[in-house]
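What the sequence shown shows, in the numbering used here, is residues 1 to 322, in sequence order.
No lab work stands behind these hints: they were computed from the structure. Heads up, a few of these hints could be off.
The list that follows gives simulated cross-link-like pairs (lysine-lysine, DSBU-like), each with its CA atoms no further than 35 Å apart [what the hints assert, rightly or not]:
1. K190 <-> K278
2. K182 <-> K266
3. K248 <-> K267
4. K278 <-> K38
5. K97 <-> K36
6. K38 <-> K245
DEER-style ranges, computed between Cβ atoms [to be verified]:
7. G84 <-> G219: 16 to 22 Å
8. E277 <-> Q207: 35 to 41 Å
9. K165 <-> R239: 18 to 24 Å
10. E13 <-> P114: 21 to 27 Å
11. K165 <-> Q35: 50 to 56 Å
12. E244 <-> A33: 38 to 44 Å
13. K158 <-> K190: 19 to 25 Å
14. S56 <-> D258: 18 to 24 Å
15. R239 <-> H171: 25 to 31 Å
16. K170 <-> K10: 47 to 53 Å
17. D215 <-> G84: 14 to 20 Å
18. K267 <-> E241: 20 to 26 Å
For every residue, glycine included, the Cβ atom is placed at its ideal position computed from N, Cα and C.
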Amino acid sequence: MTEGVRSLVKREEFFLNAEDGTKIITQSWTGNASQKPKALVQIAHGMAEHIQRYDSFARKLVSEDIYVFGNDHRGHGKTGEGQGSLGHFADSNGFEKVVQDLYLLTVKMKAQFPNIPFILFGHSMGSFLARRYVQLFGHEIKGLILSGTGGNPGLMGKIGKMVAKREINKHGKTRPSDTMNKLTFGGYNKKFKPAQTEFDWLTRDKQVIKEYMEDSRCGQVCSAQFYYDLLDGIDVINRRENIEKVPKELPIFLLSGDEDPVGNFKKGVIETYHDYEKAGLINLSCKFYSNARHEILNEINREEVMDDILSWIHNQLQKERV
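Model the full structure from these sequences, guided by the hints.
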């Protein structure tokens, strides 16, 4: 991206007060104040990372007059640091609280920029949060983009919840759980032997992995309560009666690397696509990127991915105008 485009982007940081008093640290990327944006995109980031990692993507969107907002989830980034609990959503009902935080930001964005088409983007854990969001607030948005999502873990998810509950009873809610961390991520690098780091499954871009490992706000081991909340949330979003709540006309774009272990190397993403199809959704798109791993926005073909996302957004905006 040229310095000229970069200088036209205005990035601001602010906070929202959640209902329980938690300060949710938020960033916005906007452009020329004298003109209205074509669309608004809200980003829900993934696990053990933070919203600032989406800076290049946000700037690319702003260069196309699409304004971007996103917050550090509870237990993540500056929000987690403010709570004094990196890797811990909340002592109870954490997944739903984080979804409500997302909606709180949506309300603020819409008040600031009324009558502008609104799209939600969720990556990895953020995609699970976004899938819950559209079950509750789907009529509020014009499109959903799911990056690096996964399928229904079924029995393994139930076993995971049991192990997390045992860990909570043994060590408390807030202590980082190496057991749950290994259970969740232990097998992700298997396909990428000989792995140079424990995070080779994220991307083929070694510089990105280096920066991730050096970032104090990335890669934290999360609490047993966090894992319980996350697995419970994934259980909730995969229930048939909840999938049925997603508006049938909502456009959804699923995209993933075909070497992404979170999506079980395409299988989980295809399963999610079919679940929406069975629920009667009529505007579904799906794309896989050959040899790409989990973080497709940080992959060596990231420009292709961003261009595809922009193309999809422009197509939705074109339909809105018709």
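These are the hints, each one checked on the structure:
Using a Cα cut-off of 35 Å, the hinted pair K190 and K278 holds, with the two alpha carbons roughly 33 Å apart. Distance hint between K182 and K266 is fulfilled; the C-alpha atoms sit about 22 Å from each other, no more than 35 Å. Between K248 and K267 the CA atoms are separated by roughly 23 Å; this keeps the pair inside 35 Å, and the hint holds. A distance of roughly 32 Å separates the Cα atoms of K278 and K38; the hinted pair therefore holds under the 35 Å criterion.
A distance of roughly 31 Å separates the Cα atoms of K97 and K36; the hinted pair therefore holds under the 35 Å criterion. Pair hint K38 plus K245 holds up; C-alpha atoms about 28 Å apart against a cutoff of 35 Å. Under the hint 16 to 22 Å, the C-beta atoms of G84 and G219, about 18 Å apart, fit the expected range. In this structure the hint that E277 and Q207 lie 35 to 41 Å apart at CB holds, the actual value being about 38 Å.
With their beta carbons about 20 Å apart, K165 and R239 fall inside the hinted range of 18 to 24 Å. Here the CB-CB span from E13 to P114 is close to 23 Å, well matched to the stated 21 to 27 Å. For the hinted restraint 50 to 56 Å between K165 and Q35, the CB-CB distance of approximately 52 Å keeps it satisfied. In this structure, E244 and A33 meet the distance hint of 38 to 44 Å, their C-beta atoms being roughly 42 Å apart.
At about 23 Å, the CB distance of K158 to K190 agrees with the hint of 19 to 25 Å. At about 23 Å, the beta-carbon gap between S56 and D258 stays in the expected band of 18 to 24 Å. Our hint of 25 to 31 Å for R239 and H171 holds, since their Cβ atoms are close to 30 Å apart. Take K170 and K10: their Cβ atoms lie about 48 Å apart, and the range 47 to 53 Å holds.
At about 19 Å, the beta-carbon gap between D215 and G84 stays in the expected band of 14 to 20 Å. Distance hint check for K267 and E241: the Cβ-Cβ separation is about 23 Å, which falls inside the suggested range of 20 to 26 Å.
Checked against the numbered hints above, the structure violates none of them.
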